[in-house]
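Number of protein chains: 2
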Amino acid sequence: MAKTASNLQIDSVRLWDTIHETAKFGATPKGGVRRLTLGPEDKQVRDWFRKACEAAGLEVRVDALGTMFGLRKGRDMSKLPVGLGSHLDTQPTGGKYDGVLGTLAALEVVRTLNDAGIETDAPICIVNWTNEEGSRFAPATMASAAYAGEYTTENILARTDLAGVSVGQALDDIGYRGNDAVGAQKLGAFVELHIEQGPLLEAESKVIGVVDRGQGITWYDGKIVGFESHAGTTPMPLRRDAMGALAEVALSVERIAKAHGPNAVGTLGEAVIANPSRNVIPGEIAFTMDVRSPDADTLEAIDRDLRAACAEIAARRRVDISVDAIWRKPPTIFNDKLVDAVETAAKSLGYSNRRITSGAGHDACNLATVVPAAMIFVPCKDGISHNELEDATQADCGAGANVLLHTVLSLAGIVG
Amino acid sequence: MAKTASNLQIDSVRLWDTIHETAKFGATPKGGVRRLTLGPEDKQVRDWFRKACEAAGLEVRVDALGTMFGLRKGRDMSKLPVGLGSHLDTQPTGGKYDGVLGTLAALEVVRTLNDAGIETDAPICIVNWTNEEGSRFAPATMASAAYAGEYTTENILARTDLAGVSVGQALDDIGYRGNDAVGAQKLGAFVELHIEQGPLLEAESKVIGVVDRGQGITWYDGKIVGFESHAGTTPMPLRRDAMGALAEVALSVERIAKAHGPNAVGTLGEAVIANPSRNVIPGEIAFTMDVRSPDADTLEAIDRDLRAACAEIAARRRVDISVDAIWRKPPTIFNDKLVDAVETAAKSLGYSNRRITSGAGHDACNLATVVPAAMIFVPCKDGISHNELEDATQADCGAGANVLLHTVLSLAGIVG
Chain D
1 MAKTASNLQI DSVRLWDTIH ETAKFGATPK GGVRRLTLGP EDKQVRDWFR
51 KACEAAGLEV RVDALGTMFG LRKGRDMSKL PVGLGSHLDT QPTGGKYDGV
101 LGTLAALEVV RTLNDAGIET DAPICIVNWT NEEGSRFAPA TMASAAYAGE
151 YTTENILART DLAGVSVGQA LDDIGYRGND AVGAQKLGAF VELHIEQGPL
201 LEAESKVIGV VDRGQGITWY DGKIVGFESH AGTTPMPLRR DAMGALAEVA
251 LSVERIAKAH GPNAVGTLGE AVIANPSRNV IPGEIAFTMD VRSPDADTLE
301 AIDRDLRAAC AEIAARRRVD ISVDAIWRKP PTIFNDKLVD AVETAAKSLG
351 YSNRRITSGA GHDACNLATV VPAAMIFVPC KDGISHNELE DATQADCGAG
401 ANVLLHTVLS LAGIVG
Chain H
1 MAKTASNLQI DSVRLWDTIH ETAKFGATPK GGVRRLTLGP EDKQVRDWFR
51 KACEAAGLEV RVDALGTMFG LRKGRDMSKL PVGLGSHLDT QPTGGKYDGV
101 LGTLAALEVV RTLNDAGIET DAPICIVNWT NEEGSRFAPA TMASAAYAGE
151 YTTENILART DLAGVSVGQA LDDIGYRGND AVGAQKLGAF VELHIEQGPL
201 LEAESKVIGV VDRGQGITWY DGKIVGFESH AGTTPMPLRR DAMGALAEVA
251 LSVERIAKAH GPNAVGTLGE AVIANPSRNV IPGEIAFTMD VRSPDADTLE
301 AIDRDLRAAC AEIAARRRVD ISVDAIWRKP PTIFNDKLVD AVETAAKSLG
351 YSNRRITSGA GHDACNLATV VPAAMIFVPC KDGISHNELE DATQADCGAG
401 ANVLLHTVLS LAGIVG
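Chains D and H are the protein sequences, given in the same order. Here our numbering is used: the first residue of the first sequence is 1, the next is one more, and so on. Here our numbering is used: the first residue of the second sequence is 1, the next is one more, and so on.
Okay, chain D solo, but in the shape it has when bound (with noise of 0.2 Å):
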């Protein structure tokens, strides 16, 4: 048996159709997907994916706030199941990969421990976790940070989208409100394979990135306010524009980000004009910032950074600038064991293999913090993601759910 397991492959066939098959869930015109979390089509999604484990044997649990749990029995039910998975929703504007490779191949890995008639000594555990995208709610990989402790079930069933809809209404109308309380499902480990979302892994041509760390992230809620008046009458002298401040705050945090580089990044991604007209001067406009850096230290003085900015564009051109750190995600170090077991699967398999630094929050950022957590990256076409022309290869994501499986196997142990 050990001997056919070290031999043993995923089928990337099975595998690319399954991801082309979901990825109709909300297809959109330029091949991308839209499916926002807690949507018709993430019910839709989610249903797809219910059967599909139902047929694969597993045993299919809900929590509190919709992530998804199949169960495959292991020989020694004693032990903490070894998690794998990621998540099905995605952006506004998304592609076919991001998270839906990471929850299809462990879909994958269990089909393919069915076909070779494999037992585990652990049992293991397929995840989809709600919400990882965060663009219909706040935070990102909010059901994964509440597994983890950082928020209670009820904070996050309260969080409403720009609607007003709560995530309590939203998984009651598509029917994913579960049962089990949160942290029910215990795990003993977590594995998640990603897409990069980045461009190393194709500039050095390599198939594996070996994840051993995540960058820490700070989500920005800013207001402006300045005096709203007639585009016409009102002299450049006299006015307390707050488009002007706006845009020298848009400045400021790309400028910040930079001097704190190279790997550090800020953006300024929402922005919003309240009562908008042609011939008014903005009076008031909300804007969300996006700060991120793998290093602590540095999160901190870019955020002392942009706090004085705006402090001295507020005095300057006489407006309120308010900036709210909604959302606060340390640096992740990923555990040297797990990292080190996904290092050797992809070596053993031939991948040639980089270690690398996530830029993205990650629900396996989140289980970090409770279990022994790892991540593995395939390269995407020109580090593109969040954005209909997200692209990766069979190839690719074959070789990352071979490493996903020879990793799930080298941690919960084969029946021999």
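Any given hint might turn out to be false.
One copy or two, either will do: identical chains are not told apart, so a pair holds if it fits within one copy or between any two.
Taking lysine-lysine pairs in the DSS-like style, the calculated list, with each CA pair at most 27 Å apart, reads [what the hints assert, rightly or not]:
1. 30 to 223
2. 73 to 51
3. 51 to 337
4. 258 to 186
5. 30 to 337
6. 30 to 347
7. 381 to 347
Since the hints were derived computationally from the structure, they do not count as laboratory data.
With chain D fixed as given, assemble chain H onto it according to the hints.
Here is chain H on its own, set in the frame of chain D:
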């Protein structure tokens, strides 16, 4: 009769009450008015205005663009009527006086003449122009522009709002697509009373602004196309961030307008990010700009500087920036004879006054291209307009209406 007429005064209490009676149509919690052109609140105020005109013995006619004309017969009907009026539509968060004062003061002039039993030689025609604001449909002052021959009626009827509703459809929806051809109601002159919407009269403690010029206006529709990508994994140097480009465009229009000061102004009033998400670098942003100057050459120079700035920003940031001038209004020179008539009326009534340039576009600016026209300004608090805080005093509104009354009498002639 002549003596009576020279002492004639409008009823400032009645005018004030009328202004506040109509302010209930679209009243906002903050004390302003939201009465977008051809919407349900506009229908309410139009129905009210029609009844008031008929009660004052006027023959009300509506043209194909919904502009309302109330004719008061003169002794010599072979003479063209003296037109007076303004508009009853408002900004999305507008005030109680912008446009309303001039329209209701015209009604007050008729009521005053009726009460005094004064017949004029030439007829008098009070007007409520459709869509002066341009907030729902571009361009602003579209009905008076069509009246002046700047656009065909068909061209204006086909304009659509953000919801895709055409002007023609909106007119039918509220029952104000009239039978008269645009321009059928000929006028011999046009006088418009309006709040200044700027700070000068108040700053110099003047009651009446004798408007001799109007600023030229250029409206731009702009679009920035960069590349949408992941906010966490896209290194700063590789970004094509549409928000960074928008920020530089906003600061450029501000800088360029100041450089061509003191009378030029430039505003970026609208900006909409496509598919906004806090962890996605904006890939596409649509925006609008409003540029004004009383000097035609200055408008041209600003246009050149603005396009040069956008070209430089686009090249440096590797994004596309398109800037389309969708509307160009040349500076207005009001009719000397009428401007003198306004000044004479102000002086004879003993009101402090000064010559002034209109910073805003007005229906009178369009009329000035086809008939002798003039405007009368009164102060508004802190120069604030296009804002719910817009305010003016009963005394100043009454003074403006008295100047309007005597200007109209001097043009229409009194039957002695």
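query: Tell me, which hint numbers fail for this structure?
result: Per hint list: 3, 4, 5, 6 violated.
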